[in-house]
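Visitor: Protein chains in written order, with our numbering: chain A, 1 to 151; chain B, 1001 to 1151.
The set of hints was computed from the structure by calculation and includes no laboratory data.
Take these hints with a grain of salt, some might be off.
EDC-like mimics (lysine to aspartate or glutamate), calculated; alpha carbons at most 16 Å apart, straight line [stated by the list, open to error]:
1. B:K1148 <-> B:E1011
2. B:K1094 <-> A:E87
3. B:K1006 <-> B:E1075
4. B:K1143 <-> B:D1081
5. A:K32 <-> A:D12
6. A:K94 <-> B:E1087
In this text, all values refer to a predicted model and were calculated from it rather than measured experimentally.
There are 2 protein chains.
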Amino acid sequence: MSPARKQLYLEDLHVGQLFSSRAHLIDAEQIKSFAAEFDPQPFHLSEEGAEGTLFGSLAASGWHTAALTMRMLVESVPLADGLVGAELQLSWPKPTRPGMRLRVVAEVVDITPSRSKPNMAIVTMRNETRNDEDEVLQIFTVKMPVFKRPA
Amino acid sequence: MSPARKQLYLEDLHVGQLFSSRAHLIDAEQIKSFAAEFDPQPFHLSEEGAEGTLFGSLAASGWHTAALTMRMLVESVPLADGLVGAELQLSWPKPTRPGMRLRVVAEVVDITPSRSKPNMAIVTMRNETRNDEDEVLQIFTVKMPVFKRPA
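For reference, chain A alone in the conformation it holds in the complex:
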C-alpha cells in the first residue's frame, strides 16, 4: 500500500461510483497450477482432458477467476477497513480461457445504513470481470460492511 494511496471511508462512496482494475493476463500454466491445488477436474488440468467435456478446451476454474478478481479488487477499491464480504452471489456466464487479459469493473449499487451501528453501512458492489473483447466472464455481487471515517 503506497502511503499516497487514498483510503476510502463510507463518506467517500456513492451509488453509481465505479472502480476499474489493472489487467491480469492468465495463461495455461496458471490455470493448471491453480486447478491442481484447488479444483482438479480434467477440463481445468490439461488441454487433452478438456476435450469432449462441457468446456471443449482448457478453461480456468471459476474459483481461479474469482480469486484473481479479488486480487484486482483489493488493488483498485481502497476501502480503509478492507474488503470483507458477508454474503455474495457469483455467476460465470463464459469460461475464462488461457491468453485472456482479465480486468474488473466494480460499481457501488446500494448503500444501506446499519440500524444498530451508526458508524456503518452495508454497501453492495457489483463486480464484472471482463476480457479484452469486453465479454463478461464473471458477475460477482457482494454485501460488505463499510465504516465512517473515525472522528
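Put chain B on the given structure of chain A with help from the hints.
Guide: Showing chain B alone in chain A's frame:
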C-alpha cells in the same frame, strides 16, 4: 481418480442425498501464502496485521475457504461429467482460522429437469464447510447441470 470409484449420473442423485468429504487442516502458512497471491489484505497476511481489524486475529481469505471447499467437493461428489457451477451463493458466517480442520457436508436440495435438454437437469446442492466444533464457516449453494448416463 481410482478406477474403482463410482461415477455418478443424474439417475444416481436424489433430493436429500448427502456427501461428506475428508478433512483438511489449514495452517497459518497456507493462509498467508494464499492471501499473498489472491487477497493481500492485512488480516489475511499476518498476525500483526490482523490486530485491530474486524477479524482481530489472522483469518483465511473467504476465497481460500471456498477454494479448499471446491477441492473437497471434487474429491467427494463424483459426478461423471464434473462439478460445473452455473450460478451460486456464498456466505461466511464465521472466519476460518489457522489450526482448524475443515470438512464439507454437501446435500442435494433440488433437481429440476431441463425443459430443452431431455438428458439434463439442474441440480442444486447446498454445501456447508464446517470445523471440528461443527461450526459452519461457509454456506455455498450452487446450481449445476447434471447429465443422464449415456445410452
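Visitor: If a hint holds in the structure, say so; if it doesn't, say that too.
Guide: Here is what the structure says about each hint:
| no. | hint | verdict |
| --- | --- | --- |
| 1 | B:K1148 <-> B:E1011 | holds, 6 Å |
| 2 | B:K1094 <-> A:E87 | holds, 12 Å |
| 3 | B:K1006 <-> B:E1075 | holds, 12 Å |
| 4 | B:K1143 <-> B:D1081 | holds, 14 Å |
| 5 | A:K32 <-> A:D12 | violated, 40 Å |
| 6 | A:K94 <-> B:E1087 | holds, 12 Å |
Taken one by one, the earlier hints fail for this structure only at number 5.
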